[in-house]
Structures are given as structure tokens and as C-alpha cells.
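Colleague: Fit chains X and E to the known structure of chain C by using the hints.
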Amino acid sequence: MKELFILVVVAVFTSITYYLVEPFAHSQMHHHIESEGFTYKDLPALTKKGDATRGKDLVMGAGACTGCHSIEVAGMPAPMDAVSASGAYGVNPPDLSNAGSVYDAKFLAALIKNPAHALMVEHKFDPAKGQMHPMAQFYGAGGDLDQEVADMVAYLQSIAPKGEKLTPKMAFETACGRCHAVHYENWTQIGEKPKFKKKQDELAFDTKVLDYQDNLRKYMGTLPPDLSIYIRSRGEHYIKTFMENPQNYLKGTAMPRVGVNAEAAEKVIEYLEDSGDTKRHEREEVGKKVMVYIIIFAIFALLWKKQVWKELH
Amino acid sequence: MAHFTKATSVHDWLNQRLGIDTVRRVMATEYWIPKNINFLWAMGMVLAITFGLLLVSGIFLLMYYQPNVATAFDSVNYTIMREVEFGWLWRHIHGVAASVVFLIIYIHMFTGIYYGSYKKGREMIWISGMLLFVAFSAEAFSGYMLPWGQMSYWAGMVITNLFAGGSLHADGLVEWIRGDYVPAQAFLNRFFMLHVLLIPLAILGLIGLHFGALRIPHVNNQDGEEIDFEAEAAKYKAGDKKGSKVIAFVNDFMSKDMMVVGFYLIFFFYLVFFHYDFAMDPVNFDPANGLKTPAHIYPEWYFLWSYEILRPFSTDIGLIAFAFAQVIFVLLPFLDRSPNTVPASRRGLFKYWFWAMLVDMIVLTAMGKLPPEGIFSTIGLYAALTFIGLWIILPFITKSEKKA
Amino acid sequence: MKDISRRGFMGKAFGAVAGVGAVASLYAMKKSWDPLPSVKAAGFTTLDMSDYKDNELVTEKWRGKPIFVLKQNAEMVETAKKNPKDMERLIKVGESYYMICVGLCTHLGCIPGYNPEEKSFLCACHGGMYDATALVTKAPPPRGLDIPPFKIDGTKMVLGEEGPEYKKMLESGVTLKV
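Residue numbers (the working numbering), protein chains in the order written: chain C, 1 to 313; chain X, 1001 to 1404; chain E, 2001 to 2178.
One or more hints might be untrue.
[Unchecked claim] Listed next, the in silico DSS-like pairs over lysine-lysine satisfying Cα-Cα at most 30 Å (straight line): (1) C:K198 with E:K2071; (2) E:K2085 with C:K195; (3) E:K2040 with C:K289; (4) C:K279 with E:K2040; (5) E:K2071 with E:K2085; (6) E:K2071 with C:K195; (7) C:K41 with C:K56; (8) E:K2053 with C:K198; (9) E:K2053 with E:K2177; (10) C:K310 with X:K1235; (11) C:K197 with E:K2177; (12) C:K288 with E:K2030; (13) C:K56 with C:K113; (14) E:K2156 with E:K2092; (15) C:K198 with E:K2040; (16) C:K195 with E:K2012; (17) C:K289 with E:K2030; (18) C:K195 with E:K2053; (19) E:K2061 with C:K199; (20) C:K289 with E:K2012; (21) E:K2031 with C:K279.
[Said to hold, decoys possible] Derived CB-CB ranges, DEER-like: (22) E:C2125 with X:K1292: 49 to 59 Å; (23) E:C2125 with C:D81: 28 to 38 Å; (24) C:E273 with X:S1377: 30 to 40 Å; (25) E:H2126 with C:D81: 53 to 63 Å; (26) X:Y1352 with C:H123: 57 to 67 Å; (27) C:A262 with X:V1327: 48 to 58 Å; (28) E:G2008 with X:A1231: 24 to 34 Å; (29) E:C2125 with X:L1173: 46 to 56 Å; (30) X:L1173 with E:G2008: 56 to 66 Å.
Simulated from the structure, these hints should not be mistaken for lab results. Please read all numbers here as calculations on a predicted model, not as lab measurements. Where is the CB? At the ideal position from N, CA and C, for every residue including glycine.
Isolated chain C (complex conformation) (with noise of 0.2 Å):
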């Protein structure tokens, strides 16, 4: 009876000062941010249906998003190769094939009318002052605007992947990968970095790296960091919330908000988990097994124990 109440008494020292020391302090250093599920309630809904044909038309016509943006699926080619491309933009255009189900509708449709608004950077980029976001904003092409960026939404959605089609990696590369590195995933700026035999080829796609990294830095301000660990440095929620609204843990940063829907912002987590967190369903298994083996071994230690002292007391 004695022995179990100084395991208490140890216990709960012990406890108390985790608490302290662990979920107390980290609550005290960093303001909890609540997510808001991804459903952007700043911006509008939609309120027309769109036509996906239409919307092909505005796209590849009036709408001139081609004209700066690939469409792979559709064999439409990007006009620009990356490094040119981030030269004159700041950042490379990204491929609009997987658009339709990587983000969400809402968001989608305020992007193309007001892509610094969408995207949470007017603090930047402010007509007034003459500060143009790198993409224009559509005024429309003579008829409806909310009808026609409706259309453009519904084609965008038509000709992405869904469901399980939609893999990690690409949710990752659409939503991104065009400002953000992963070198644990052998994925840069301006793609997967192939295998060289030559030690020159290496160098030179090394170099359009470099370059294109330049380019980003001084549209950025500063080059956005490797995500290779982030899973481990930041965690789920913190990235989650990150993405919703940047400016919600670092005022004034020309991060935009991303725009992306639930769905892919599971895949989008899935992928750095994949990237910081590789074993985390054999740590999972390993841990169970051993759990189970370990209290085994406390069990016969504690029988052992009772056979040796029961000559001694």
C-alpha cells in the first residue's frame, strides 16, 4: 500500500510537470488558430450553373488563360518554359489540368475575377498604388460574369482527375509545387529532377533551378522553404491553417492563401507525411506488437518476482 502511494505521489509530480512544460507552455507560446474546414466563408457562393462547353470556349478564347497557363490534358503546351516563365511573373504559371479538383469552386470563381483578393495578397499588390498581381483579372467577355467564370469553373472540374485519380503527389504539385522544394521527394521548383549521366546535363538542369530559385526570391521576397520535414516541424494543423490563410501566423507574408478544397488538402498533407513522416504506418504496426510483447514481459517479470519473495517476506 505504502509502495503505491509514492507511486502516486511520483506519478503525479511527474504529470504536473509535464503539463507545464509540455501542453501548458506550447499553448502559451503559440495562439491556437481555428480551422474554418476549408469552406472560405469570405468569399462569395456561387450562384449560376456552369456549362462545362462554354466553359472550354472561355477558356481557350476570351477568358486568355491559356495564354500564360498550360492545360496538359487538353494538349494545350505552356507557352513559356519555368525559368523564363518565373522571370517574368515571379513565379511559373501553374498547369490548369488538375485545378478543377484540387480547388475549391468558390475559390476558383473569385481567383478569376480578382486573383490578388482570391488570394489573400492586396496587402501587396494594390491597384492604387499601381501594383498589378502577375495574373490579370477577368472582367468577363460581354456577358454574364458570374455565368461565365461559372462555365470556366465547370470545365476546369470536368477535365480533372477525381476521386482516387487525384494521387497525393499531384494535389501537392498543383497546389505547391511551383514555389515550394522537396528534396526528399527529389521534386524542385521546376519539376522531378532526373537521373544525369553526364555530370554537365546535371549541372545545367541544377543551374535552371537556381535560376528559376532567383527569380522566386525576388518576387517572394524570400525563397519559400523546402517542405521535405515540415510534417515533423509544424504538423497537420498547423499546415492546414497555414494554407487556409497565411496571414493568420505570419502578418504581412507573401504567401497566398491556397485555395485548395478539403479533399485535397488531405492529399496535400497525405504527400508531406509520405515526404517527413515515411515509416509512420510501421511505426504503427512495429508499436503495437511491441506493446503487447512488452507487457508480456512485465507480466512474467512480476510472477517471477512474486515466486522469489514469497520466501522472503
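Modeller: Just chains X and E, lined up with the frame of chain C:
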């Protein structure tokens, strides 16, 4: 030359040459421990097991770790965590064990303080134990440098800056320790050497000294009773195990040790697999950047109490207080002026001193983690002053202690 | 007296349980020594045979080891046809025959030198010799130079993959597994 006869068995052959039977008697089957002990007496074995886990996991990490500022971080977080089979397991075991070992050290230390196991002949056990605490602290610090993350770098920067000695401005000494103006390749390599070779050797030597210091005074017991080990051992050997006040290390003490170890390992492995962020701080998953200090930097939890003693004061006073805090525990056997080797509960004012010290160290630990602002820095200052005050009054309250 | 028979029992049972844990730990430790996936993945090299010249030894690299490629000229092919042991070592790619071997002497691992006039290999370490198809002609090497796993792909050759021709060579004992 001793007389050797034809061996009757492998055991006999070894026994004639190495005296293994005598070793077995002296170190195990006739190494007498008091029976009047509780599970806290098993903390030594728990420490030995934890140290063993650190050694073994460290060996496998050492196979793949690269002590180079350009590749260290990825050698840990890519090669070991992603590529090496079970690399993640060794890394988790090593990180969690490095943190939990200090919890056990503090429990072990405070058990010693509570039961007076540092007095009357046991001073060397206490002193060698405190030296082990210093050695483990140095081992933990040097090890923390190795992943070369943001915490590694800035902890390295700050702790080596301590050696400038405040107003002494011993910048040359700081540069000498680092081998460079800032923590860089030279710094990483030499702390790698310390962590992998020199300090472990020192720890092994000190463990030997710690065990050796135990033999003559023997292990203490819950009542601080002075036991006639010869007489009690004779009773035990004659068959009166129930009546004897002693037990044998093997199998009696060992079986209880193993039971405690078993429960400890349930707790330990749960942390290793399912709850390890406290031991592997997220900030250290950012690669070291000499041009950017993290928003919140703090040492590992087990250093927080002495970190908090440094913080509230001006540079020179803080350094003096900090040095005082490191050294003062060693002097406990000499500052405690009472001859009573009984548990604290029976020692009058010392009882309150003990619990006050324990609570104060927890408060210091908590404040050490919190941002040094507002109410937290105020509480921290008072806790630091309390710490110093408690040590100052110790000789006085123990001198006037009634003989138990 | 019942105690005596049960006395050692629990201790031994506990020891056995601990032993299971020790064995599991040893398994994990053994796996940690295994070559890393990135090492194993680097185990493929592609050779483009179209540029190779007759009787000119080319040295490539595969899994960190030197690989000899020797295109046989017409004369060398005639000589090889006279000895079945030579012929079975040659690999036909397109219209030409090639000798492809790991360039490490099967005695103790030094790299033999090729003499294009003599059309033979000489290992400077202990004097072993091989002919133009790397069949051993002078002791001490115990066998001809080993042939790496290969797969013919048009005019290219992928080392590290086991194509049908290689599998046949393995089965008939022309080479040992490398």
C-alpha cells in the same frame, strides 16, 4: 603460480582460471541488500537499462550519421528515418531515452535526498552520482548538437557563449571551445567526438566508481536503519530468509528490479511509438540557420530549472547564480549538518525543506519553458531566489535538528 | 517441497520471454545493416553498344565495379568459333559479338590489363591470364571473368537486369552469379 587440476567441466575450467564462482558470490548471490526497501530502489537498474538502450540505439545511429554541417540533418531525417530499416526505431528510442533518463535521474536523486542516502559514509556515492549527472548533462548537450537543427545550432551558440563569463569577455575562450567564431564544422565534429567516445568512457568509469562507493557502506533502507550485514547474511544463509533483514542481489533484488523495469518499459515504449514530440522538439526539424534565431528557444526540459536560475538576473549575477546551481547539489552531504540518516518525514524542518525544494524545482522548470514575460518572469525570479535561499538555510535548519 | 520444482520455473519462463525480445531486437539490428534502398536502386546501368569499336576495350561502371566491354572483330570471332567454351561466353547484339565481363580478376579482385595485339588479358597482381572472351588461360584465377546480369534492348544493354540470354549463361554454368 596457483595449483591447477584437471578440469571436471567447462564451469570448473573457467572457475580455476577466472574464479567465476567467487565473482558470482561477491557480485550477485551473496551481495546483500536490505529487505526494507521500496520500488524507488530499482531506479538504479532502470537507469542502467535506459543507458543500455541509449548505447545500443546509438551504435546503430552511428552507422549512418554524418558529422558534417552540410549532410548531418539529412543523414538523420532522410537516411536514418526513411531509408535504414528500423532506423526510425533507433532514432525514436535514442531521443525518448535521452529525455526519460533524466526523469529517472531526478527521481533517483530525490530518493537519495529523501532517505538521507548521502550521509554517514555514503558521501562518495552521492558525489560520484552528481558527477554522473554532470556527465549525462554533457552527453545530452553534445548529442543534441548532432542533428544540426535550429535548436542544435542556437543551443550551441548560447551555451558556449556562457563561457565568455559575462563581464570577463573571455571571447577567446569561447572561440577556442568552438574551434571557430560560430558553431560550425569544427564545433560539430568535436562535440561528435565528445558524444560518441570521450563522455561515454567517462560515464562508464563513473558508474564503476558509483558502484564501488556502494560496497562498503551498503545500500540504504527505508528507515535508515544501520544493519549488521554480516549477522543478517548469516541468518539468510542458514535458511531464515523470512527473518533476515537482508536479501541477495541475485535473484531476490534482481527479480523485483526486473518487475519495475517491466512496468517502466511499458511506459517507455508507449512513448517511443506513440507520444514522442516532447523528446524530439519540432523546432529542431528546421535545418540550422545561423542567420535566424527561432521565435522560441529553450533547452530540453531537464535543463530548464537551472536555465531559469540564470535568466532573471543581470548577466554577471545570472552567471554566478547559474554556477552556484550547478555545484550546490554536490555539497549536500556537507551542508546537511544533522547526523540523522532517516527518511525526511522524520526530520522535522528538513521534511518541509525537501518538499519545498522539489516544488521549487518544478516551478523553475515550468517557468524556464515559458516566455520570460509578465507574471512568468516574476514567478521565475521568486523561484530562483527561493532556490538560493533554501540552500542557505539548510545548514541552519539541519544543525538544530533533534537526534532521531 | 512443491516449491523446489516450481522455484526455477518462473525465472526461466521470464528468461525465455526476455530471450524472445532479444531475438526480435537482433532481427531489427540485422535489418539495419542491410544495404540501403538507394544503393540497391543504383544497381542498373545502360550501355549504348552502337559506338563501340572492334578490339577496343571499353571500361564502364556498374555497382561501383569496372565492366569490360570488348567488341570482337571478325578474326576474333573466327578464333572463338573454334572453341565452344569461348563462343558461349560471347553475347550477340545486332550483328556483332561482344565480350562483357566484370573487370575484376576472379582470383583476388585486381583489374587485369588488356593487350590488343595479343588479344589477351594479364592480371599484374599474380600473373593470371585470360583470352579475348575472358576465358581463363593461365593460373591462379579459378575461372573466367564473371559476366554481370544483362538484358539486351535493341542496340542497348541494361546491366543489372536478367535477360533470357543471361539466364541461359547462368544455368549452363558459363558464369557464376555476380
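Colleague: Would you mind marking each hint as holding or not holding in the structure?
Modeller: Each hint, compared with the structure:
For the hint pairing K198 of chain C with K2071 of chain E, the CA-to-CA distance comes to about 23 Å; that is within 30 Å, so the pair holds. For the hint linking K2085 of chain E to K195 of chain C, the alpha-carbon distance of about 38 Å lies beyond 30 Å, and the restraint is violated. For a cut-off of 30 Å, the pair hint linking K2040 of chain E to K289 of chain C stands: about 29 Å separates their Cα positions. Of the supplied pair hints, the one linking K279 of chain C and K2040 of chain E holds, its CA atoms being roughly 19 Å apart against a limit of 30 Å.
The hinted pair formed by K2071 of chain E and K2085 of chain E meets the criterion: a straight-line CA distance of about 17 Å does not exceed 30 Å. As the CA atoms of K2071 of chain E and K195 of chain C are separated by approximately 28 Å, the hinted pair is consistent with the 30 Å bound. Proximity of K41 of chain C to K56 of chain C is assessed by CA-CA distance (about 28 Å); at most 30 Å being required, the pair is judged to hold. Taking the CA atoms of K2053 of chain E and K198 of chain C, the gap is near 21 Å; set against the 30 Å cutoff, the hint holds.
With a CA separation close to 28 Å, the supplied pair K2053 of chain E and K2177 of chain E stays within the 30 Å bound. A distance of roughly 17 Å separates the Cα atoms of K310 of chain C and K1235 of chain X; the hinted pair therefore holds under the 30 Å criterion. Between K197 of chain C and K2177 of chain E the CA atoms are separated by roughly 26 Å; this keeps the pair inside 30 Å, and the hint holds. Straight-line distance between C-alpha atoms of K288 of chain C and K2030 of chain E comes to about 21 Å, which keeps the hinted pair within the 30 Å bound.
Restraint check for K56 of chain C and K113 of chain C: the C-alpha separation of about 17 Å stays at or below 30 Å, so the hint holds. For the proposed pair K2156 of chain E and K2092 of chain E, the alpha carbon gap of about 12 Å is at most 30 Å, so the pair holds. A threshold of 30 Å between alpha carbons decides the hint, and for K198 of chain C with K2040 of chain E the separation of about 21 Å falls inside it, so the pair holds. For the given pair, K195 of chain C sits about 56 Å from K2012 of chain E by alpha-carbon distance, which is inconsistent with the 30 Å threshold.
The suggested pairing of K289 of chain C with K2030 of chain E holds, with an alpha-carbon distance near 19 Å, which does not exceed 30 Å. A distance of roughly 27 Å separates the Cα atoms of K195 of chain C and K2053 of chain E; the hinted pair therefore holds under the 30 Å criterion. At roughly 15 Å between alpha-carbon atoms, K2061 of chain E and K199 of chain C fall within 30 Å of each other, so this suggested pair holds. For the given pair, K289 of chain C sits about 23 Å from K2012 of chain E by alpha-carbon distance, which is consistent with the 30 Å threshold.
Taking the CA atoms of K2031 of chain E and K279 of chain C, the gap is near 15 Å; set against the 30 Å cutoff, the hint holds. Taken as a hint, the range 49 to 59 Å holds for the pair C2125 of chain E and K1292 of chain X, whose Cβ atoms sit roughly 55 Å apart. The beta-carbon spacing between C2125 of chain E and D81 of chain C, approximately 52 Å, falls outside the hinted interval of 28 to 38 Å. For the pair E273 of chain C and S1377 of chain X, the supplied restraint of 30 to 40 Å holds, since their beta-carbon distance comes to about 38 Å.
Range check, H2126 of chain E to D81 of chain C: about 56 Å between beta-carbon atoms, so the 53 to 63 Å window is met. Checked against the hint of 57 to 67 Å, the C-beta distance between Y1352 of chain X and H123 of chain C comes to roughly 58 Å, which is consistent with it. The hinted window of 48 to 58 Å between A262 of chain C and V1327 of chain X holds, with their beta carbons roughly 57 Å apart. Checked against the given bound of 24 to 34 Å, the beta carbons of G2008 of chain E and A1231 of chain X, roughly 29 Å apart, stay inside it.
For the pair C2125 of chain E and L1173 of chain X, the beta carbons lie near 54 Å from each other, so the given range of 46 to 56 Å is met. Checked against the hint of 56 to 66 Å, the pair L1173 of chain X and G2008 of chain E passes, with Cβ atoms roughly 60 Å apart.
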